[in-house]
Amino acid sequence: MSDATSTAPADRARSNELGPVARFLKATELDTRMLGMIAALLIIWLGFHIFSNGLFLTPRNLWNLSVQSSSVAVMATGMVLVIVTRNIDLSVGSVLGFVGMIIGVTQAEILPRYLDFGHPAIWVIALIVGILIGVIIGALQGYVIAFLGVPAFIVTLGGLLVLRGAAWWVTSGRTVAPMDETFRLMGGGPAGSIGATASWIVGIIACLAVVLMLFNGRRQRKRFRFPLRPVWAEFFLGGIACAFIMGAVWIANSYPWPIGIVRNYARDNNITLPEGGLFIAHGIAIPVLIAIGVGVIMSFVSTRTRFGRYVFAIGGNPEAAALAGINTRWVTMKIFMLMGGLAAIGAAISTARLNAATNAQGTLDELLVIAAAVIGGTSLAGGAGTVAGAMIGAVLMQSLSTGMILLGVDTPLQNIVVGLVLVIAVWLDTLYRKRMQ
Amino acid sequence: MERKGPPLVELKNISIAFGGIRAVDDASVDLYPGEVVALLGHNGAGKSTLIKILSGAYKRDAGEIRVNGEEATIANPRDAKAYGIETIYQTLALADNVDAAANLFLGRELVTAWGTLDDVAMEDQARKVMGRLNPRFVRFKEPVVKLSGGQRQSVAIARAILFNARILIMDEPTAALGPQETAQVGELVKQLKADGIGIFLISHDIHDVFDLADRVCVMKNGQVVGTARTEDVTKDEVLGMIILGKCPPGATPGPGAMVVAAA
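Protein sequences, first through last, are from chains Z and P. Taking UniProt numbering, the leading residue of the first sequence gets 1, the next gets one more, and so forth. Taking UniProt numbering, the leading residue of the second sequence gets 1, the next gets one more, and so forth.
These are calculated hints, taken from the structure and not from any lab test. The structure presented is a predicted model; accordingly, all values stated were derived computationally and were not measured. Do not rely on the hints blindly, as some may be mistaken.
Listed next, the in silico DSS-like pairs over lysine-lysine satisfying Cα-Cα at most 30 Å (straight line) [to be verified]: (1) P:Lys146 <-> Z:Lys434; (2) Z:Lys434 <-> P:Lys141; (3) Z:Lys222 <-> P:Lys190.
Let's have the full structure, built from the sequences with the hints guiding it.
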């Protein structure tokens with residue numbers, strides 16, 4: 001079956017009436033909203049780059065940006081599902097703080113009593129305990145919301161206060177440090193990055209996955225003789241995605257370890273430093289890999305599983321979902337459990353990055369997470385949102401604060417700008433949605 | 001109409017109250033295979049509530065439901081669907097933000113061997129059933145909120161007949177439709193009836209359903225006024241039942257029939 005005959009004649013007749021841009025968008029089936037957001041991100045990056053005299057778009061800054069975004073990005077993927085079902089979770093920042101304390105105390109104070117210092121099981125146990133606690137907190141809040149019918153806003157507002165207090169209670173406000181050596185890899189840094197070779201391998205695997213996905217999607221549609229994308233569009237999409245992936249890897253691999261660390265590394269491994277220093281690349285940071293992994297899994301869950309389908313159906317019409325036989329309460333509770341688990345992963349990343357657990361950790365993170373999800377196209381009215389969008393939203397929020405720090409903007413003014421950007425972004429999105437209707 | 005064996009479905013002495021209001025009060029109605037029973041009455045007469053008990057959306061306070069003569073336990077919509085009871089709600093009950101195929105299979109998604117959603121297979125089935133119902137329907141990729149009233153209606157109908165329904169409940173199926181689409185629904189009812197499916201047609205407008213129905217069952221203030229075969233009564237008599245609660249000689253009176261002063 002040739003591709004020319006598989007496109008319905010009616011579609012082609014219509015596509016002839018469209019302009020070249022519209023024809024291109026129709027052929028590639030790209031989401032215009034997502035494109036707009038990426039364009040906004042690029043404009044912000046370019047703007048900061050120009051105004052900071054070329055400090056923003058450097059491998060070093062972009063690498064740091066990726067690490068700093070990862071904790072919020074991880075949580076934003078869960079917030080999408082929460083908001084899609086017309087709920088909200090104000091407690092994520094406090095969950096992060098509380099779980100961070102639990103993770104810290106578990107690995108720095110409880111486990112060393114039973115295991116040797118630096119035992120390989122310490123970080124695993126600490127992480128599992130943290131995620132379990134996060135899921136349990138989510139389950140409790142989700143139960144009250146779904147089965148007792150208390151609005152999510154109130155329940156999680158309570159959670160925000162309760163858990164922030166609980167985070168203090170764990171050690172009476174004392175900061176817990178240092179963290180386990182292996183655990184700290186989750187926070188990034190020269191040791192917490194996978195290096196140049198592994199980064200290239202990850203990049204190549206990701207490219208193969210993209211190609212496989214496009215190919216598989218096409219084969220599936222062919223099996224049922226549905227209209228296919230033109231071949232050039234498939235190649236274009238695959239090419240762009242692979243170029244983006246390899247470009248990101250290249251940037252991560254262009255950021256070398258600082259001289260001091262290279263010197264220590266050379267001394268420890270008996271390497272004589274050559275003239276002009278040794279170039280050892282960071283490669284992709286482990287927290288970024290975690291965030292990307294979480295993003296891929298959450299995208300999969302939200303678009304390819306029954307659970308994800310139910311989440312969106314509930315968001316679109318809760319009554320219809322219930323009449324279709326979906327156990328809407330249980331789905332809601334599961335979403336909050338998932339959110340709790342993701343907040344725990346966020347806690348692990350930020351605890352590892354700080355190399356300490358403090359009771360103020362994650363304060364106001366709930367607002368960053370919600371803002372990331374909303375800027376990323378999640379509608380507070382429910383029913384619409386994407387995981388990828390929320391992650392880009394997280395990067396956008398982080399870009400704003402990083403960029404303003406580079407420009408030397410005062411903290412109060414930073415908050416003003418971030419607040420304004422949030423409102424303007426949602427206003428633009430509202431306009432866009434109205435036009436699409 | 002020949003009646004062999006037990007009724008397909010039998011609602012016996014059903015009651016439900018919301019707060020102090022008895023929305024349905026001791027109502028009984030039955031349905032045989034291949035039969036169309038019209039449930040008539042004013043807005044607020046209790047038709048939709050009675051039918052929502054059958055479809056599992058509400059839990060009854062009293063009464064029993066029998067399917068094929070055996071007592072059925074229907075506690076939620078899933079139970080009802082397991083008995084082959086499908087409902088087309090007045091509000092259509094569609095998830096507006098997802099596409100037609102996702103709506104057709106909502107709660108009963110097809111999955112691949114990996115347990116993931118098999119969207120292509122669902123779209124394929126959706127294309128087949130929609131092709132039968134509404135051949136001009138082509139907007140499979142768009143969320144149903146963007147479809148016209150008639151198209152949304154055909155999605156709701158397709159969802160009900162996709163899974164081999166034996167009992168079909170249609171709540172005001174033509175309320176949002178134009179004349180041509182209404183005629184289409186009429187054709188569909190006849191076709192389904194010929195397949196041996198029992199159909200409850202709910203309407204507040206007698207003209208919509210009188211010609212399609214084998215029997216009418218009239219409700220007023222939550223009670224059944226009476227049940228009659230359409231050939232035994234006239235439209236005017238049925239109107240009298242709806243408006244006054246007056247049961248004509250051709251009908252079997254129910255608990256809600258106006259008590260005529262002793263002659």
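Verification of the hints:
1. P:Lys146 <-> Z:Lys434: holds, 12 Å
2. Z:Lys434 <-> P:Lys141: holds, 19 Å
3. Z:Lys222 <-> P:Lys190: violated, 36 Å
Of the numbered hints stated above, the single one contradicted by the structure is hint 3.
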